[in-house]
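Participant: Protein chains in written order, with my numbering: chain A, 1 to 558; chain B, 1 to 295; chain C, 1 to 368.
Treat each hint with caution, since some may be false.
Covered stretches of chain C, as calculated for chain B (at least 3 residues, CB under 8 Å) [claimed, not checked]:
#1 65-77
#2 97-111
#3 345-351
Below, in silico cross-link-like pairs of lysine-lysine (PhoX-like), each with a Cα-Cα straight-line distance of 20 Å or less [as the list claims (entries may be wrong)]:
#4 491(A) - 143(B)
#5 140(A) - 138(C)
#6 236(A) - 149(C)
#7 143(B) - 405(A)
#8 149(C) - 508(A)
#9 138(C) - 66(C)
#10 508(A) - 66(C)
#11 405(A) - 294(B)
#12 16(A) - 140(A)
#13 238(A) - 66(C)
#14 66(C) - 294(B)
#15 140(A) - 405(A)
Calculated directly from the structure, the hints in this document are not laboratory data.
It should be emphasised that the depicted structure is a prediction, and the values quoted were computed from it without experimental measurement.
Glycine included, every Cβ here is placed at the ideal spot set by N, Cα and C.
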Amino acid sequence: MATTITPNQPAPRISKAASEVDERLIVAGPLRRTLNKVFPDHWSFLLGEIALYSFVILLLSGTFLTFYYDPSLSETEYQGIYAPLRGIEMSRAYESSLGISFDVRGGLLIRQIHHWAALLFVASIVVHLLRIFFTGAFRKPRETNWGIGVVLLVLALLMGVTGYTLPDDLLSGTGLRIISAIILSIPVIGTWAHWAIFDGDFVGDVIIGRFYILHVLILPAVILALIALHLLLLIKQKHTQFPGPGRTEHNVVGNRLFPAFAGKATALFFIVFGLCAALGGLVQINPFWLWGPYNPAQVSAGSQPDWYIGFLDGSTRLFPAWDINLPGDYTIPALFWPTVVIAGLMFTLLALYPQIERKLTGDTASHHLLQRPRDVPVRTSIGAMALMFYGVLWLSGGNDLIADKFDISLNAMTWFGRIGCVVLPPIAYMVTYRICLGLQRHDREVLEHGIETGVIRRLPSGEFIEVHQPLGPVDEHGHGQLTYAGAPVPKRMNQVGGARRAIKGFFKPIEQPSDVELEAQRERRGLAAAEADREVTSGRPSEGGRPSEGGRPQDPRD
Amino acid sequence: MSTTNPSSDAPTTEGRFAGLRARFGGRSAGSPASAARARRRSKQRRRMTNVAGLMAALVLTGVGYSAIAPANAADDAASGQSSAEAAGQALYERSCISCHGSNLQGVADRGPSLIGVGEASVYFQVHTGRMPLVRQEADAARKPPVFSDAEIEQLMAYVQANGGGPTLPSGDLRDGDLAEGGELFRLNCASCHNFVGEGGALSSGKAAPSLEDANDMEIYAAMLSGPENMPVFGDNQLSPEEKRSIIDYVQTLKEQADPGGAGIGRAGPVSEGLVIWVVGIGALLFGIFWMGTKA
Amino acid sequence: MSKDERAGSRPDDEAGPLHGGPDEDYTPEQLATMDREELNRLGARYDGVEVLHVDPPPAPGSALEKQAERQVSLAFGIAGLFALAFAVVYFGSGWFLPTWQWGSDDNGWSAFYTPFIGVCMGGALLFLGVGMVLFVKKLLPHETAVQDKHDGSHFDRTTTAATLMGGVDRVGFPRRKMIGRSLGFAGGALGLVLIAPIGGLIKNPNKGNPLGTTEWAEGIRLVRLDGSPIRPGDQEPGSLETVFPAVPGGNLAADAATMLIRLRPEQMSRLQPRQGQSDFGYGDYVAYSKICTHAGCPVSLYEQETSRILCPCHQSQFDVIQGAKPVFGPATRPLPELPITLDDEGYFVARSDYIEAVGPTYWNRERI
């Protein structure tokens, strides 16, 4: 829309191109709405982005790999550049993977970036999930998003498994054999399921090809759709935020999308990409030319799946030899429970947790403010308990390596895992619960009695007291009257402006002589005059304060 | 031994004899002081006599024993030993006999019989320092060898001569087919020693060791002799050519670079998972602390 | 938007949020009098966003700003240098630099090619990101904004419900039973059609009992990896050899790998074979399936002194003296034993196939 402009005014110009676009698509309003969206900028809200960017890196690097990989199990004899395998029979899948690593310029780098990004993808999903869990962001209205997230986690695991099986090397082939055994162990339909998936007995001719299509087409399509839905819900429902000054259940405080938030988000993408590229070059991952091609009669000591499947390897190692023999000579194999059942139970409980908690607490209200983990000790302790259980299983997945490197008996490691996974979680629950209560009590104590300043004063009566800095108005007994509102309670004097202006600079102090002089002048003139210049506010928006600072002086600019 | 009494001089010859006469002869001592002196002198005399008598008895006993005691086996010149075997026997009896017996027959609950283990086994165990064993435990670990190469040769000669068994090969121990060695290694060895020979855990505290420090001959000798829980790979099972192929593969892999960056122990997904959590998530957490707010 | 001035065009209706901005409240002339910042705030307020406080960036031209600009530019500069280094090494290797192709005996340039280009690529991307973060933190104003959240609208709920239910009512399925039933029938049948291709995946796993049979049969020789047959004198006591059936593809068959173990005299004296299988071995030789009965890994760690066969995957341990019975770990069934004997030429042959299914347990393993 070209407008006539009065000269000498800073005039808003709309370019011809922009007008052409808007006349056809009418995007100006939605665009402005998007640019103005407010996102809270706590550091823990960036974890989900790491997962998103890892996925983008996976898509990019993976596409490159598909140009060279051949998902075929037909046997061939290797005559390539890697001498220790020359003349060895292997599948085309393995041979083409060797080709990517040794015969494609930069192929090894891209392949390693892909694998590291895959490990990072699942790790960042897990960290993100833990943040959501411990802050209660999954409560109404976000239960669906939580469920989508859990499904994304499971799909990420499946992507990983189908992906690392593609080179058909000794390590992943051993894992494939175990997958075959797991499918066989399903009661009633196990053998039928196996024949359907493998088109017959292990190994068959089709499994790598099917894994390939799952890995590059079906699963990524589902994941992309779910990510889109996940983000759409996030945008629609708006991000949660921690309680604090000016923050309510009916608003969001933070940065607008453009330019600050978008800038940081883009920067994080480059940082994640840079990290994956650096890892892809500096640290070798899955050197399958050393493992050799898969052969059902060969295996290596210390065979483990990638870290995110490690907990299932651990549960399989720990579960005792308990077959269930049913009448009619039917058997429920022991392998069924620590793989299918445990994984199924864990992920089902995880996905349904919002509903479970809702049932147990009776809390049916919508929540957009987060909770500090200490304020929900039961949930936090349940989480710690679950993490301890997961951790023992995860550790047990590598128990033979630990036994070897640390000179511990392998049998003892197995027993440690068996007993530990039952005994340690309740201990973790109790310890976490007490810690949460302790932290809560300390918060309320500081609210009531003020911050301990560390200044000791001797009263005329001879008694020594420590001077406390109250956080707000006090009653006649000297007790504070502020109630706990879910926000972090300041516990150090510099958090309430009791310290000098912080020294600027991250690695080196940036001394601005003029500022230091000004500061000294102000102090000479007295605090009252200084307050006029400084920005100690009440934090209330109506008085022009900044709610995220809540009465503190400006943060340093870095 | 002189007394501290300043009035006591070193006894004169006459005084000495006087003391003796006083003891063995009649009572010719005079004053109490001289009598005391005489008594002191006689005490000294008694002591010296005792010592002399004791020493004489000891010497007599020793001479008698060596005359009566059975002849040392090393003195048996009738067996026709080479000097290496003889030296080896001397070493054996100094360091090995308490667990392996005087005739290589072994001692119950301490050491197995060495009959039939051959020089290959001796070379492996002693050159890797496993023997002499420090203590009885799940399995013997490699440690700096106690014996020099020459001494090991002597021990090998002794045990081979008295028990027989597999002998060491000669020539280039890497003269084989590299790729075939890889196939054989993965089929026979990787399940215990890991796909590159990093080692692995066995049951109940035992471990298949890393091949990092093993030289060609040690690997050959191990395959041939089947130390402790390792199975025996005789030459009819793995031919000498096949053994050389395996050694070629193992040693080539050890010297081989890791083209993808740091090898992180070539241990598989466990170390990779550790790296992604410690380095990857760690670095990114640092990054987002920096980027975001903490309030 | 330019007004359509042809005859018959209607002026814009009363606009809600979905129909564009409040043009009637703010004429173009009014908007032209506002500067960029005011328009920015106006639009934000219209979207429910209130900018509470702006922490201004360093003053233009100040030392602090110059320093920040230098830092940001330095970061971008380093990123560019890394990227250039990447390009030079990536394209130049094999051209004016040594080749990038790594033969396994190389310890030089080609062995460091991937780490080098990885560091360059990573550095370039990382410093680009770092520069952007520095820019945002040091050179942009720090703005704190508040945005209102909309709750659900009762108006919306009621009207939407009415629209939906009105439509449903007009369609009238509950009334039109015959249509409903016939549609249900068609839908169900069409569903069958759609999932039929998946049905094509279903195969009968019991036909021919493939899980319960292997390539072994009476008279099939035991051979090594290289195909050579085995005599009883070939192995030492306390040894383990992996053997395959002497059939085409025998060394690649998933379930046929077998461990031929020659026991030591001490082990022979304590031998307790499984019931009915005391004659399955030959002399001091026994043959057990190499496929673990837990999850199918090759078992293969033979501890000749403790007589245990350890599986590296989940640490099941089988006692070879007790008929490969599981004594530790998650395995429940002993390793199947292959009955062996010698043929006329003195080589080991199988007397029959395994008498039970090899490998992991499944639902109807005992019935076949």
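Participant: Take the hints in turn and mark each one as holding or not.
Facilitator: Hints, verified against the model:
1. 65-77: violated (count 0)
2. 97-111: holds (count 7)
3. 345-351: With 0 residues in contact (Cβ-Cβ under 8 Å with chain B), the coverage given for the stretch 345-351 of chain C is violated.
4. 491(A) - 143(B): violated, 55 Å
5. 140(A) - 138(C): violated, 38 Å
6. 236(A) - 149(C): holds, 10 Å
7. 143(B) - 405(A): This hinted pair holds, its Cα atoms lying about 16 Å apart.
8. 149(C) - 508(A): violated, 42 Å
9. 138(C) - 66(C): holds, 11 Å
10. 508(A) - 66(C): Roughly 17 Å between the alpha carbons, so the hint for residue 508(A) and residue 66(C) holds.
11. 405(A) - 294(B): violated, 39 Å
12. 16(A) - 140(A): Given that 20 Å is the threshold and the Cα spacing comes to 46 Å, the pair is violated.
13. 238(A) - 66(C): violated, 37 Å
14. 66(C) - 294(B): Violated, at roughly 27 Å.
15. 140(A) - 405(A): Answer violated: residue 140(A) to residue 405(A) is near 47 Å, above 20 Å.
Checked against the numbered hints given earlier, the structure breaks hints 1, 3, 4, 5, 8, 11, 12, 13, 14, 15 and satisfies all the rest.
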